[in-house]
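Take the two lone chains and join them into the complex the hints point to.
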Amino acid sequence: MSWLLALPIAIPFLTAVAAFLTRNMPVGRWISIIGSAILLCASIVLMNTVLRDGVVAGQMGGWAAPFGITLVADLLSAVMVLITAIVAVAVSIYALADVDEKMERLGYHALFNMLIAGVVGAFVTGDLFNLYVWFEVMLIASFGLLVLGGRPEQIDGGVKYVALNLISTIMFLTGIGLLYGMTGTLNMADLASAVDTADQRLLTIVAVLFMIAFGVKAAVFPLFFWLPASYHTPAFSVSAVFAGLLTKVGVYALIRMFTLVFDHDTAFTHTILLWVAVLTMVVGVLGAAAQSDMRKILSFHIVSQIGYMILGLALLTPLALVGAVFYLVHHIVVKANLFLIAGVAQRIAGGTELGRIGGLYKSAPLLAILFVVPAFSLAGFPPLSGFWAKFLLVKAALDVQAWFIAFVALAVGLLTIYSMTKIWAQAFWEPHPDGIEPKLSRLSTRDRAAFLIPIAGLAMLTVIIGTMPEAFVQFAERSAAQLLDPTAYITAVLGDPS
Amino acid sequence: MEVLFAITIGVLVAASVYLMLSNHLLRFIFGLVLISNAANLTIFVAGRLTDGAPPLIPVGADAPVIAANALPQALVLTAIVIGFGLFAFAIVLVFRAWTSLNSLTPDEMRLAEPEETPK
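Keeping their order, the protein sequence lines are chains F and E.
Numbering of the first sequence is given in the working numbering, commencing with residue 1 and proceeding in unit increments.
Numbering of the second sequence is given in the working numbering, commencing with residue 499 and proceeding in unit increments.
The shape of chain E in the complex, shown without the other chains (with noise of 0.2 angstroms):
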């Protein structure tokens, strides 16, 4: 199960390494997206994984020995809802730069840090 995980991760991070690297921002903006989701499962399976056993433990029962650990799922979700707020503002942002300065090329958005015109 892990190397299957390790696959995944390592595909999602390809992919968004290769989106990030092209000369787009909405482009850009979605490989962030995906390489978020690849740091999420990284938590996740750094916490374990374990087939079918809730981290519950029954009144009156002992702790069981194989229980989920709910640990990196708390801070998988928590990592989830900030990514979500960040995404939203970077998608807002993209959009307004689209509006304001007619491109979303990186190497052509210069409004801020002019070319030197030779003296």
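Next comes chain F alone, as it looks inside the complex (with noise of 0.2 angstroms):
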């Protein structure tokens, strides 16, 4: 089995060496298209092996476990792969439109499946120290794509998003080296036994430095500020890829260690958890509506969304957990998709400052439509994909008579909504300011495809899961049930105990 799970490791990591090599010719563009093509193939197999078989593990190097390096993939890590692969093929046909020879040149595709072969490990491996190190694939991938260019506005988002990432890097190895002197392993399977028998106020301790370690890359409150410095400085494809899947890799760091590891004393750390997911909704919200900016808006939304799906990962009921997930897959594709549009919208109206655009819907009926899908989804209409997800964590923590909760969970709801008119009313209704007719035909045919194609197909997803979210629930509480009681997962990892 391990093979399957090697594999999209591996493709992405071969195709980043196949795009360096031919970053000077055409074909490397086509090569990173191919490349994903080929991870959506092999993850579409993981998915439907993990449907099957229950969670599958491989051991490395053939060292059985807990001594190798295991990889593993239940429910959870099988979507997030899918979803990635999703991400990738759709960034990378954009890509085609959006970046231009000068940043082929200097390597972009190379980091870009670098980026993806970082974020799949991370979602992949069962080994702590391993976590860490696709964690700084991931970063020094990101690193590249976000100055790639050097205009001086990438410079300076760049220095606080290194800045505080490498921060956050350092507590990471800092928890890592105490749980390690604190239990002997580093095999997350095994840590979850291991650590019953620690001390457990020393446990905790390390689990909020954890806690602060994948709080920073998943840009929670109040350690979010290098999101929003940085995130709308670079080309729109490379914002987009980190803004549909970085700051999830945190989310799934952080849902992975707090069902499995350290769910010792949830008291603590979960009501911190809790805290911070209602923060982060309400101050990302506001940060947002703040903005002028269309990709600076959607930026601060970033942080409010990830507020939810830490919401649902606090409440820590099986309903909650389901929402948690399935507010991850429909966020990914959301938000990913809302950057892409914005990329359109700043090529055919001349920017993303939204007093300085205009006239979009008037001349780019199309493009209006598929920013509402995306957009609504995110506010949480119905029966767009964002409703089901909001739904299922406002009906959670009404269950557990969190009046508070659901309350700011829906007032957040209603802000984003304002968000998105805001957005809605300025970018897409009111004439453009200079008078320009921002049509779609300002663009090439080959652009216009290579633009469209991704963009529609990702709103066709948000569609298919708002319009058939019984599928999809049915999925998310399976891998919510495997999440809270993770004996399939550990099984797998190190054999039958019995």
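A partial selection of chain F residues facing chain E, derived with a Cβ cut-off under 8 angstroms: (1) V133; (2) G150; (3) E153; (4) G157; (5) V159; (6) V162; (7) L166; (8) I170; (9) L173; (10) I176; (11) G177; (12) L178; (13) Y180; (14) A229.
Keep in mind that the hints were calculated from the coordinates and are not lab data.
Even glycine gets a Cβ: it sits at the ideal position worked out from N, Cα and C.
Dropping the structure here:
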């Protein structure tokens, strides 16, 4: 089975190497698309296997767990790999029109695929130190992508991004060291039982270290400031893939560690997470309301939406985890798509600053429709995917009589509508201040196809999740059950204890 | 021995926090280098300190009761290599920031997030 788990990491890795060698040739960009498509096939196979056989685990290099490096995929990992592959395909097609030759020569496609390899690696690894290594792969590739091109704004945003992420990395590393000193193992499945005999008070301290480390990656309050400082500066395809995937790796790591390993003192750790979630939702959405640039608004909304996912983890009821898993998947698709649309708006209307653009509804109705789908989904309009995600979480909060939390979640939804309406009114409805007609025909046919195919594809996925939520909710239920009772996960990694 | 290591790590962390809080990017980077060394030492100590007991077993002999733990050394080595790459990047980035923004004071670096002008 181990090849099945290693393939989704190996494919983008090899694609990155091939794309680096061909970075001066036009064929490089096609290599990137083909590599992403093969990754998508591999992740579908992985998903199928996990659906059929349950948790899949493989020991790398033939070293038995818990001594070697374990790769393991449960339903959550498998769906995250799948959604990563979908975003990778969409963004690499989009990059045909968005990324110019100068950036290609600087190695855009190689860095992009390396980033995907890091993200996938983080999702399938079952070893804590290996998780650290994948975080670093992801981080160094994202550093490169962020400052690629080297405009002064990018450097400025990049400094803040690099500084805060490096601190988080060091926190993570210290946490790993302390946890290893206490338990003598780094295998996540082995840790789940090994922490039972450790000093519980010390364990809580280590848990908080991990919470801060992953909290920076996930961009939760009050650790999110690197995100709105940097996400609006790079190329649009870069910010789309960052917005879709990077913070979600942090959320995934939080969910994994705080259901599998750090569930000894939930009254303490998960209460912190709960208030962090509430503040993240509120601060993110208020930050967005104060912005007037499309990408900055969307960046702050990432923060706000992360709060919902953390809320699902913090409540830790079966339904809340279902909501968190559903939210993760829905959000990646929607958020990446909104950044892709912002890129098209910038190309045809000449900017993303709301005061300087307009008229998109009249001149580019197709783009307007494609914007409405993810925007309303983000705000939680039925029957789009965001409605079900929010519904599950609010229901979960009401079930445990957390009235205030449920109220905040709903109010934040309302404020999200305010921001989306602001973008709609100023960028789409009002006429362009310079009298330009931002028609899609201003783009070449090739660019138009490369822009609109991935956007339409992701919008379609949003509609599919929204109109057929039953299957997705059932999937999320199975996934949440695996998270709450990790016996299958542990057995798959360590073998049957009996 | 552990106490000595603990004090060293504590001093390193304290010095790096002091450096990172100063309003200058280059000092911030130096602080990061120090704190990453503190993290590496933490991992090293977490593997328990042994004196002069290599983790090698002669052919035919039983496993010794006291042997150095090789795993933390491997982890620290990996972390050092990764850290080296990250800091190389960070230092070049700071240099670029200095040439293109003409400042290494974080408070003055507002290009990506310009201050709101009152309307």
